[in-house]
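All chains, full assembly: derive it from the sequences and hints.
Top line first, the protein sequences correspond to chains B and V.
The opening position of the first sequence corresponds to residue 39 in the working numbering, with each subsequent residue numbered one higher.
The opening position of the second sequence corresponds to residue 39 in the working numbering, with each subsequent residue numbered one higher.
If you are wondering where the hints come from, they were derived from the structure by calculation, not from laboratory data.
Misleading hints may appear alongside valid ones.
Heads up, the list lumps identical chains together, so a pair's fine if it works in one copy or across two of them.
As the list claims (entries may be wrong) - The calculated lysine to any residue pairs, modelled on SDA-like cross-linking and capped at a C-alpha distance of 20 Å, are:
| hint | residue 1 | residue 2 |
| --- | --- | --- |
| 1 | Lys258 | Gly365 |
| 2 | Lys258 | Ala224 |
| 3 | Lys316 | Leu212 |
| 4 | Lys258 | Glu219 |
| 5 | Lys278 | His329 |
| 6 | Lys214 | Ala243 |
| 7 | Lys258 | Val169 |
| 8 | Lys214 | Asp242 |
| 9 | Lys214 | Ile110 |
Protein chains: 2
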Amino acid sequence: MKQIHVQRIERVQEEMARAGMEQLIVSDPASLWYLTGEALDPGERLTVLIIDRGGSLRWVKNALFTLASEDIPVLSFQDGEDGIRTVAEDMMPGVIGVDGSWPSRFLLALQAACPRTYVNGSGAIDRVRAVKDEEEQRLMRESSAVNDRCMAAFVRWLHAGVTEAEAADHLRQLYKEEGCEDVSFAPIVAFGPHGADPHHTVSDAVLTEGTVVLLDIGGKKDRYCSDMTRTYFFGDVPDKVREIHRIVCEACETAEALVRPGVPLAELDRAARAVIEKAGYGPQFYHRLGHFIGQTDHEAGEVSASSPLIAEPGMIFSIEPGIYLTGEFGVRIEDLVLVTETGAERLNHLPHSPYIHDIGGTAHE
Amino acid sequence: MKQIHVQRIERVQEEMARAGMEQLIVSDPASLWYLTGEALDPGERLTVLIIDRGGSLRWVKNALFTLASEDIPVLSFQDGEDGIRTVAEDMMPGVIGVDGSWPSRFLLALQAACPRTYVNGSGAIDRVRAVKDEEEQRLMRESSAVNDRCMAAFVRWLHAGVTEAEAADHLRQLYKEEGCEDVSFAPIVAFGPHGADPHHTVSDAVLTEGTVVLLDIGGKKDRYCSDMTRTYFFGDVPDKVREIHRIVCEACETAEALVRPGVPLAELDRAARAVIEKAGYGPQFYHRLGHFIGQTDHEAGEVSASSPLIAEPGMIFSIEPGIYLTGEFGVRIEDLVLVTETGAERLNHLPHSPYIHDIGGTAHE
Chain B
39 MKQIHVQRIE RVQEEMARAG MEQLIVSDPA SLWYLTGEAL DPGERLTVLI IDRGGSLRWV
99 KNALFTLASE DIPVLSFQDG EDGIRTVAED MMPGVIGVDG SWPSRFLLAL QAACPRTYVN
159 GSGAIDRVRA VKDEEEQRLM RESSAVNDRC MAAFVRWLHA GVTEAEAADH LRQLYKEEGC
219 EDVSFAPIVA FGPHGADPHH TVSDAVLTEG TVVLLDIGGK KDRYCSDMTR TYFFGDVPDK
279 VREIHRIVCE ACETAEALVR PGVPLAELDR AARAVIEKAG YGPQFYHRLG HFIGQTDHEA
339 GEVSASSPLI AEPGMIFSIE PGIYLTGEFG VRIEDLVLVT ETGAERLNHL PHSPYIHDIG
399 GTAHE
Chain V
39 MKQIHVQRIE RVQEEMARAG MEQLIVSDPA SLWYLTGEAL DPGERLTVLI IDRGGSLRWV
99 KNALFTLASE DIPVLSFQDG EDGIRTVAED MMPGVIGVDG SWPSRFLLAL QAACPRTYVN
159 GSGAIDRVRA VKDEEEQRLM RESSAVNDRC MAAFVRWLHA GVTEAEAADH LRQLYKEEGC
219 EDVSFAPIVA FGPHGADPHH TVSDAVLTEG TVVLLDIGGK KDRYCSDMTR TYFFGDVPDK
279 VREIHRIVCE ACETAEALVR PGVPLAELDR AARAVIEKAG YGPQFYHRLG HFIGQTDHEA
339 GEVSASSPLI AEPGMIFSIE PGIYLTGEFG VRIEDLVLVT ETGAERLNHL PHSPYIHDIG
399 GTAHE
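Following this line, the structure appears as structure tokens:
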């Protein structure tokens with residue numbers, strides 16, 4: 039096994055010991071890749087990695103799927119055979135953790151075949167995955183660099199007459215040209231009042247002069263996700279829009295300036311919220327400040343008033359305050375930040391400026 | 039509630055009674071739409087429909103999501119509240135069925151909060167969904183008509199120099215123009231030897247004259263999936279290819295001719311396999327003959343040697359024999375068939391012919 043996988047497994051074992059788990063059944067494809075380097079997508083078929091508290095590993099998997107490496111022993115079964123029986127025979131006495139996303143049909147069959155105490159064991163892996171190692175930091179940095187380039191190219195391309203849906207299609211193409219496997223999530227391209235819905239789905243609305251354009255976009259590069267939001271003025275906009283954009287920038291930058299090891303993530307949320315509340319828009323910022331991110335756009339862990347987490351070097355999360363005025367417009371600014379040994383590194387380098395000419399575009403203003 | 043949903047729920051209740059389930063917890067979005075007409079995609083958040091054996095229904099859901107109809111009572115909870123507690127308080131004594139795809143984190147939390155006997159209850163819904171009612175038959179017919187048109191337009195467009203990946207992109211565009219929400223599955227566009235892998239992923243291979251082209255494609259129209267395979271000769275091909283194409287057509291048409299109420303689905307598999315075995319290619323046809331289909335490309339139920347199912351009016355499944363010669367080429371022919379009161383209706387009307395000129399194309403031959 040590669041050293042990096044050995045280290046990751048060791049960190050998971052520590053978490054298992056802390057939680058009193060004797061064995062852990064891992065099925066989430068992102069976790070399997072993280073712990074072994076195997077890229078598997080078994081669909082409906084049973085494929086799991088079993089980790090003992092002592093560190094022994096083995097696969098239980100359908101013989102149809104081949105593994106890239108033979109480092110880890112395999113208990114395989116044929117199509118038509120009962121793979122859960124194979125898992126059951128491998129279980130030791132004690133508490134068994136299973137991935138929270140494992141389909142219930144497998145868990146119910148295992149519980150019937152092998153009575154034990156079963157618990158949701160995802161936390162043991164989630165806590166390890168929340169702290170990115172150097173290789174992951176490199177990949178996350180590269181993915182966000184791609185996102186900076188795509189956002190800039192996209193905004194320069196934006197023109198009156200295009201619909202949100204057409205613009206989103208063009209954006210997907212830009213990620214593809216940058217070598218991304220896919221977008222991290224369906225791009226949010228929201229013109230005018232549509233920006234007031236934080237989860238807007240692209241429509242046939244057409245871009246016209248004097249519109250606020252909210253863009254929440256990201257790509258998946260070498261398995262790692264980017265995620266950034268900018269809000270631009272396409273042509274001239276009312277002073278109220280400028281003022282709200284300024285407030286959201288201040289909220290974002292205030293929170294980002296506080297990021298360092300040891301800071302409670304709830305404090306970041308409070309600091310950003312205080313800026314917006316002071317300006318009188320508290321009720322119009324009604325979501326958490328941010329979320330963890332890595333192989334999936336939303337990983338376990340959040341930046342919110344109720345988050346129990348404390349910043350540790352290696353954590354990467356979003357900072358994304360917004361103000362949403364229903365029927366009018368919305369403004370959100372989002373960066374990804376990496377907690378370093380001494381402070382923070384912002385992974386996005388595109389300015390927060392709402393003026394398209396600041397990134398080489400030709401739209402008015 | 040609409041009559042159609044009332045009828046579907048009644049059929050599920052019958053299956054619940056047969057299986058001895060007191061309550062059923064439904065979470066699969068396709069089943070929820072089927073039973074209530076609600077199109078929900080709650081992501082990580084808990085959203086379930088609880089069905090009592092006696093017929094009472096209620097939703098347990100996060101208050102963030104709104105429902106289109108208010109016909110069914112709702113037990114709602116807020117972000118940050120424990121939705122599983124709400125489910126637990128609603129459970130009656132007796133056996134509880136849960137959807138097999140429900141994430142284990144919910145089941146484990148429910149088992150801890152409410153000790154009962156839990157079983158995989160998906161079968162009760164799967165058996166009902168396997169038999170399509172009139173409205174579904176109409177949607178499936180329409181979806182396959184779209185697929186016939188897309189296949190024909192696609193094959194007429196195919197030209198030397200295009201890559202598999204470019205061709206697949208063009209195909210996605212054709213489905214979009216026909217009003218499809220999406221493809222039913224990643225299109226299989228396989229040139230030459232790539233056709234010998236039944237699950238080939240599109241590559242940068244370039245189409246040249248004298249190539250066998252295997253196309254396994256489908257679109258999702260108004261939620262219902264199509265799925266069809268044709269194998270074409272792009273230019274002149276060796277006699278061996280022609281012969282194998284003939285055998286696969288015969289296998290497909292032999293099985294299709296046997297479809298009628300009462301026929302064991304295993305018999306269809308045997309009949310198609312016998313044609314291929316007789317021709318000496320038994321080992322080169324190594325997958326099941328077909329699968330059920332509806333809102334998802336692969337639904338519960340299969341057409342295989344070990345299938346216990348008997349054809350009933352309303353069932354829709356694929357018939358898709360193939361012969362795969364590793365390193366050379368592959369041929370597969372697939373149609374969807376609907377079991378009628380007296381026999382069968384083929385949902386695909388495109389000829390099985392491998393000659394592109396038969397559907398208006400200009401490729402040689």
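Checked hints:
no.: 1; hint: Lys258 with Gly365; result: neither (32 Å within a copy, 33 Å between copies)
no.: 2; hint: Lys258 with Ala224; result: both (12 Å within a copy, 18 Å between copies)
no.: 3; hint: Lys316 with Leu212; result: neither (39 Å within a copy, 52 Å between copies)
no.: 4; hint: Lys258 with Glu219; result: within (6 Å within a copy, 23 Å between copies)
no.: 5; hint: Lys278 with His329; result: neither (29 Å within a copy, 58 Å between copies)
no.: 6; hint: Lys214 with Ala243; result: between (24 Å within a copy, 18 Å between copies)
no.: 7; hint: Lys258 with Val169; result: within (19 Å within a copy, 39 Å between copies)
no.: 8; hint: Lys214 with Asp242; result: between (23 Å within a copy, 14 Å between copies)
no.: 9; hint: Lys214 with Ile110; result: neither (34 Å within a copy, 44 Å between copies)
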